[in-house]
Structures are given as structure tokens and as C-alpha cells.
Amino acid sequence: MTSWRNFFKTRIVQQAGSYDSGIDARIINRELSWLDFNARVLAMASDTGVPLLERCRFVSIFSSNLDEFFQIRVAALKGQIAGDVHVKTPDGRTPQHQLDDIRRITKNLVAQQECVWMDELIPQLAEHSICISTWRELSAADREHLTGVFESRIFPVLTPLAVDPAHPFPYISNLALSLAIVVRDPKSGEERFARVKLPQTFPRFFQLPDSFTFVSIEEIVSANLPRLFPGMEIMQCHPFRVTRNADLSVDDEDAEDLLVAVEMELRRRRFGKAVRLEVPEAMSSDLVALLIDELEIEADDVSRHASCIDLTALNQFANLNIAQLRYAPWAPLTAGRLQAVEEGEKSIFAVIRERQLLVHHPHESFSTSVETFVKQAALDPNVQSIKMTLYRTSGDSSIAMHLIKAAEMGKQVAVVLELKARFDEARNVSWAKELEYAGVHVTYGLVGLKTHAKCILVVRNDPDKMRRYVHIGTGNYNSTTARLYEDIGFFTSEDAIGSDVAELFNFLTGYAQEPDYEVLLVAPHQLRDRIVALIDKEATFGEAGKITIKINSISDPEVIEALYRASGAGVKINLVVRGICCIRAGVVGMSENIVVRSILGRYLEHSRIYRFEHGLDNNEPLHLIGSADMMGRNLDGRVEALAPLTHPKHRMWLDTVLGFLLDDASTHFLLQSDNRWERIGSVAESGDAQKKLHEWVVATQVR
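Counting from 1, one number per residue, gives the positions in the sequence shown under our numbering.
Bear in mind the hints are in silico, worked out from the structure with no lab data behind them.
Small disclaimer: the values here were computed from a predicted structure and weren't measured.
A hint or two may mislead.
[Unchecked claim] Computed spacing ranges between beta-carbons, pair by pair:
1) Thr656 / Glu151: 17 to 23 Å
2) Trp135 / Glu343: 54 to 60 Å
3) Ala289 / Asp84: 56 to 62 Å
4) Met590 / Asp396: 48 to 54 Å
5) Asp529 / Gln384: 32 to 38 Å
[Stated by the list, open to error] Taking lysine to any residue pairs in the SDA-like style, the calculated list, with each CA pair at most 20 Å apart, reads:
6) Lys405 / Ser347
7) Lys375 / Glu281
8) Lys375 / Leu290
9) Lys546 / Ser385
10) Lys691 / Lys375
11) Lys107 / Ser133
12) Lys187 / Ser152
13) Lys692 / Leu604
14) Lys572 / Thr656
15) Lys546 / Asp617
16) Lys375 / Glu408
17) Lys346 / Arg467
The beta carbon of each residue, even a glycine, is placed where N, CA and C say it ideally should be.
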């Protein structure tokens with residue numbers, strides 16, 4: 001295998017020019033590009049080729065994505081504005097400029113979402129006898145039934161909170177659905193504001209017996225408010241929802257105990273500053289003004305809704321057990337070469353010793369590959385040690401339990417666990433404590449960096465020598481998301497990769513200068529330079545050059561400029577970008593040889609694949625897989641790892657995968673030269689790249 005040391009001795013170096021951070025049409029704004037991505041998610045909800053209940057799921061995902069965007073990105077912009085920060089983004093926008101654009105675009109997107117829900121999905125659901133009913137539309141019998149549900153289940157857990165001189169305005173928790181109520185005393189004529197928090201332990205929609213008719217919890221509670229405020233007149237009642245800053249601000253360098261610091265920040269996060277207020281269009285201006293004042297937000301932070309607030313709840317409909325309205329299930333396969341392991345004929349280590357192994361999730365089973373690898377490592381008496389990174393894992397992680405079992409059996413087990421994995425912090429804190437209690441050596445990576453690389457290192461005493469077995473993946477060690485996220489896993493016992501991964505773990509857990517890796521590309525100190533070097537080398541081949549990259553996001557200006565240079569030299573560049581995309585495509589004189597497309601479907605496209613036609617110093621195609629996107633946070637603020645795949649069958653597999661994704665005959669979104677994303681075809685008319693890929697995987701099991 002060609003090493004990076006040889007490559008840098010022989011390659012032609014083309015230095016990147018200085019980047020002008022002023023107003024620059026060469027870079028698309030990161031936040032606005034993310035909104036474009038969420039617009040693509042919403043577009044899937046209108047695709048009639050997508051099963052009806054799955055279209056409801058896309059509406060739900062759109063809302064969930066927007067919630068996170070406001071909790072993190074909008075909150076950060078508001079913090080910059082409050083701190084009088086005026087630093088411009090690479091495209092020349094100030095924080096205030098970005099916030100103004102976000103508000104305008106978000107308002108239009110939410111209006112589109114509500115049109116999709118009310119004008120498209122609700123009528124089509126009704127055609128299948130799935131109805132969302134108001135209280136007024138119910139029969140007397142149905143009202144009686146739901147009143148009984150209210151009395152027996154809902155009423156006992158409700159707490160009305162009035163506001164008066166003795167009762168201050170209540171704290172409104174993040175993303176909780178509440179009722180804003182104005183009650184009037186008929187004797188004194190005095191009016192008071194009250195808030196009722198709707199319990200999150202109940203479903204948002206209650207289903208009537210023997211039907212697919214649903215009524216929202218806010219409708220049920222609103223209809224029964226006299227039970228909460230006996231003797232009072234209900235003057236107003238409207239649902240509302242508050243979004244708060246949910247980012248963690250932990251300073252690794254100042255934190256003597258990072259675990260304790262993260263736990264403290266998790267407690268503080270629920271009291272983050274409000275950044276968005278969602279209300280129905282029917283809410284009076286006086287009541288909105290009261291909420292604005294008490295929440296200490298601006299009028300521009302208010303989002304008015306024509307339909308029900310918080311459409312993440314539509315996931316409840318997406319999960320209805322109506323087969324003809326959902327995706328037909330694709331059962332994960334056991335990769336051909338692992339069938340002998342599943343049948344007990346070989347150990348997974350014997351299979352990997354014979355030849356490197358590639359698995360493609362969720363088309364191929366995560367359980368019979370990755371989980372089996374860790375389980376057998378835990379139980380095998382010849383295994384001496386297990387090391388792995390954990391970024392996101394499930395609450396019932398079998399992998400974590402296998403690690404605990406290995407430690408209890410006396411093996412050396414070390415886990416680099418990322419406590420600051422956003423929105424998984426609490427789960428990771430819990431696992432950190434449990435792993436440590438079992439005797440696992442738990443560390444939290446490097447100060448100031450998130451450990452995002454996906455690596456497992458197993459050291460086994462084989463009959464011929466002590467051998468390293470390695471797994472490097474593109475996705476998290478999470479059995480739940482492994483059924484929904486498209487990812488690639490690579491197993492090998494090759495000495496060069498084993499040595500590099502061992503050096504990486506020593507760097508993460510010990511105290512040393514970062515090594516010069518032989519074959520891996522590792523961030524934050526080497527990955528950017530090596531990717532730019534590969535791009536620049538491809539540019540030297542002119543029109544014979546070719547670069548294909550599949551990633552989640554690209555926003556790094558230096559990498560983008562390198563791709564522009566390669567395009568200018570005639571290199572054909574194909575990018576498959578699921579999310580944020582700040583590079584421009586098809587612009588004459590800048591990026592006319594760059595084509596960018598985005599693929600959305602039943603699986604979340606999560607794998608990162610890099611292909612360079614002329615690779616390293618041997619000028620053969622180079623295929624890389626790993627955890628890194630081309631964003632500043634990945635290149636500068638995280639520990640990432642990309643690994644080369646050298647076996648011809650694995651290269652063929654990746655080329656086939658890319659071929660399906662780049663097939664113009666399959667539906668996709670295409671980035672235009674004016675930065676608009678155009679939908680090309682529909683699933684019903686053009687076909688589904690993911691389906692074509694799955695059918696090919698089923699027919700091709702042995703690797």
C-alpha cells in the first residue's frame with residue numbers, strides 16, 4: 001500500500017491562494033444552505049411516489065430538523081448579535097443579516113409545510129379513512145368516550161398555573177406544548193392568565209375505538225377546561241410552544257472533571273434563553289404580546305401557524321400499521337462472507353484474516369457484522385484487548401454491554417467516549433458511568449476536540465502472531481440508527497491500518513505528539529492538507545482527472561477553492577451532498593465542471609466516500625471511506641479518520657454505489673448555477689436510487 005510519506009515526497013504541490021472573507025459569490029451561506037436542505041426534505045412529502053404515511057414522516061422530519069436548527073444555529077446567531085459581534089461569514093453576511101434572511105425563508109417554508117399538510121396530506125389520509133377531527137366535529141358518543149379518557153388519564157396529571165401577584169409567570173420548558181388560557185371571574189370580572197403544560201408522556205393524538213379517527217390532546221384538554229378552572233369563564237385558550245437555546249458551552253481546558261462539567265451544563269440547558277415562540281394565527285395580539293414580554297424575545301421571533309403547532313407529532317401517523325401506506329420492509333441481509341460466522345462454522349476473525357471485509361448498512365445487517373465482531377471479541381479467550389470510539393449509541397446498546405462483559409472477563413478494554421455529542425450528552429454520561437463501574441478505561445478524547453472517528457481495535461493472540469483486527473466505519477455504533485442510516489463498515493487485519501489505528505488510540509488516550517500516519521487520513525492536523533493535495537494532484541491531469549465525493553456536508557472554503565481550481569483545470573467533479581452545500585456548481589469560469597446532486601429517500605444517506613481517479617503516487621484510483629465531512633468543524637475541531645480501500649471487489653462495490661447515486665434516470669435534486677435546487681423526476685416516474693441499490697445488494701452478497 002502506498003504511504004502518505006512517499007506521496008508527499010513525489011507529488012506536485014499547488015498552493016491555495018488566500019481566501020477573501022469579504023462579500024464573495026463563490027461561497028453559499030452555510031445557514032441558508034441548511035434551509036435549502038430542509039426544503040428538500042419537505043419536497044419529499046409532496047412526492048406521490050412516496051407512500052402516504054412516509055410522506056407524513058418527512059413533514060415530521062422537517063419540523064424536527066427546524067427545531068434543532070433554532071436551538072443551535074439561530075440561538076448562536078442571536079448570541080453573537082447580543083454580544084455585538086459583527087464578523088462576516090465567507091459569503092459576506094453579518095449575524096444580523098443571516099438572522100433576517102433565516103426569518104424570512106423560514107416563514108415561507110413553514111407556510112409551505114402547512115399547505116402540504118392541510119391541502120395534500122389531510123385530504124389523502126381521509127381517502128383512506130384516516131381522519132384528524134376537532135372536538136366540534138365529533139359525535140356525542142365520541143365526545144363522551146374522550147371525556148372519559150380525559151377524566152381517567154389526562155386530568156390527574158395536569159397542573160394549571162395561574163399568574164397573579166402571588167404566582168409569577170411559570171417557566172416554559174423547551175419544546176413543550178402548552179395552553180395559554182385567559183380565565184374570567186364572573187363575579188368580579190377580573191381576568192387572569194394561566195398556563196397548562198400538556199403532558200409529553202401521552203401521544204399527541206388520541207385514537208377513537210375501532211377507527212382511524214384521531215383527536216389532538218390540546219383539543220381534548222381545551223374542551224374540558226371547566227374541570228381545571230371550576231366556576232371561571234374561559235375567555236381564550238390557545239396552544240403555544242417555546243424553543244430555547246440548547247447548545248452546551250463546556251470549556252474542556254477549564255473543566256477539572258469533564259463528566260461533572262457536562263452534567264452541570266445539561267441541567268443548565270433546560271433554562272436556555274428563548275429563541276422562538278410558536279402560536280396559532282387565532283391567538284390575540286394582546287396574548288402574544290404578554291408571551292413576548294415574559295419570554296423576553298422579539299416580535300420577529302414569533303412564528304404563527306395555520307395548522308396545529310409542532311408537526312413532529314406526525315411521526316405518530318407515519319408509524320401506523322397500515323402496510324399499503326408505508327414502505328415495504330427491506331430485511332437486512334447477512335453479508336455473504338459472514339454467513340459462515342452466523343452458522344457457527346467460522347469466527348469473524350477467521351473471515352477477516354482470509355480477506356478484508358466490507359459491509360453496507362442497513363442493506364446488510366449491523367447485528368451480524370459489527371455487533372458480532374464486538375461480541376466475539378468480548379468472549380474469545382485469545383483476545384487480549386478491545387479499544388473503540390463511541391460518539392452516539394443507543395440506550396440499550398448491546399455493544400456497550402459486550403464491552404462491559406469483556407472488562408469483567410479481565411480483558412483490557414478502553415473506550416474513547418464523546419460526552420459532547422449533541423443531544424446525546426445525557427445518554428453518553430450514563431454509559432460513561434456504567435462502563436467505568438465495570439472496569440472499562442473510559443477517556444473523553446482530546447481537549448478542545450470532539451472524537452468523531454468510528455474505529456474499533458481488537459488485539460488477538462493468533463497462533464502465528466499477535467494480530468490487530470480493525471473496524472472503521474462511516475456511521476455511529478448505534479443499533480437503532482443503523483436500521484435507518486446508510487453507512488459503510490470496513491474490517492481488516494492489515495498491518496499498516498492496524499498500526500495506524502493503534503497509534504491513533506495511543507494519541508487519544510495517552511500523552512504524545514500526533515504521529516505521521518502511514519495510510520489513514522486523520523483530522524485535525526493532517527486530513528485537510530491531504531485532501532487538498534489529492535484534489536490538486538487530480539488537477540494536474542486536466543480533462544483526464546475525475547473526482548467523486550459522497551458526503552453529508554461541504555462548507556470549508558479551502559477545500560471548495562481547491563475543487564474550483566480542479567474544475568478550472570478540466571477535472572470532472574461529481575458531488576453527492578445530502579445536507580449543507582456551500583460550493584457552487586456549473587458557474588462558467590469557476591465551477592463549470594462541478595455537478596452537485598442530493599439524494600433523499602427511505603434511508604438517510606450517511607456514508608462518506610471519496611474517490612480520486614489518480615490517487616496517490618501510483619496514479620491508480622483511490623477510494624476512501626470514513627467519518628469526515630468537508631466542514632471546518634470536521635477538519636479543525638474533530639478527530640476524524642478516513643481509510644483507503646484497496647481490494648478490487650471493494651473498489652467495485654463503491655463504484656457501483658456511486659453509479660446508482662449518479663444515475664440521471666433516478667430521482668434526485670440538482671444544484672443549479674443560480675444556487676437553486678431543482679427536483680429531477682419523482683420516485684414514481686424516475687425510480688429510486690436506494691431501491692435499485694438494495695436490489696443489487698440482494699443479488700450480490702459475497703465479498
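We went through each hint and held it up to the structure:
{"no.": "1", "hint": "Thr656 / Glu151: 17 to 23 Å", "result": "violated (60 Å)"}
{"no.": "2", "hint": "Trp135 / Glu343: 54 to 60 Å", "result": "holds (58 Å)"}
{"no.": "3", "hint": "Ala289 / Asp84: 56 to 62 Å", "result": "violated (27 Å)"}
{"no.": "4", "hint": "Met590 / Asp396: 48 to 54 Å", "result": "holds (50 Å)"}
{"no.": "5", "hint": "Asp529 / Gln384: 32 to 38 Å", "result": "holds (35 Å)"}
{"no.": "6", "hint": "Lys405 / Ser347", "result": "holds (18 Å)"}
{"no.": "7", "hint": "Lys375 / Glu281", "result": "violated (54 Å)"}
{"no.": "8", "hint": "Lys375 / Leu290", "result": "violated (57 Å)"}
{"no.": "9", "hint": "Lys546 / Ser385", "result": "violated (41 Å)"}
{"no.": "10", "hint": "Lys691 / Lys375", "result": "violated (31 Å)"}
{"no.": "11", "hint": "Lys107 / Ser133", "result": "violated (26 Å)"}
{"no.": "12", "hint": "Lys187 / Ser152", "result": "violated (31 Å)"}
{"no.": "13", "hint": "Lys692 / Leu604", "result": "holds (15 Å)"}
{"no.": "14", "hint": "Lys572 / Thr656", "result": "holds (18 Å)"}
{"no.": "15", "hint": "Lys546 / Asp617", "result": "holds (16 Å)"}
{"no.": "16", "hint": "Lys375 / Glu408", "result": "holds (13 Å)"}
{"no.": "17", "hint": "Lys346 / Arg467", "result": "holds (17 Å)"}
Of the hints listed earlier, those the structure fails to meet are numbers 1, 3, 7, 8, 9, 10, 11, 12, in rising order.
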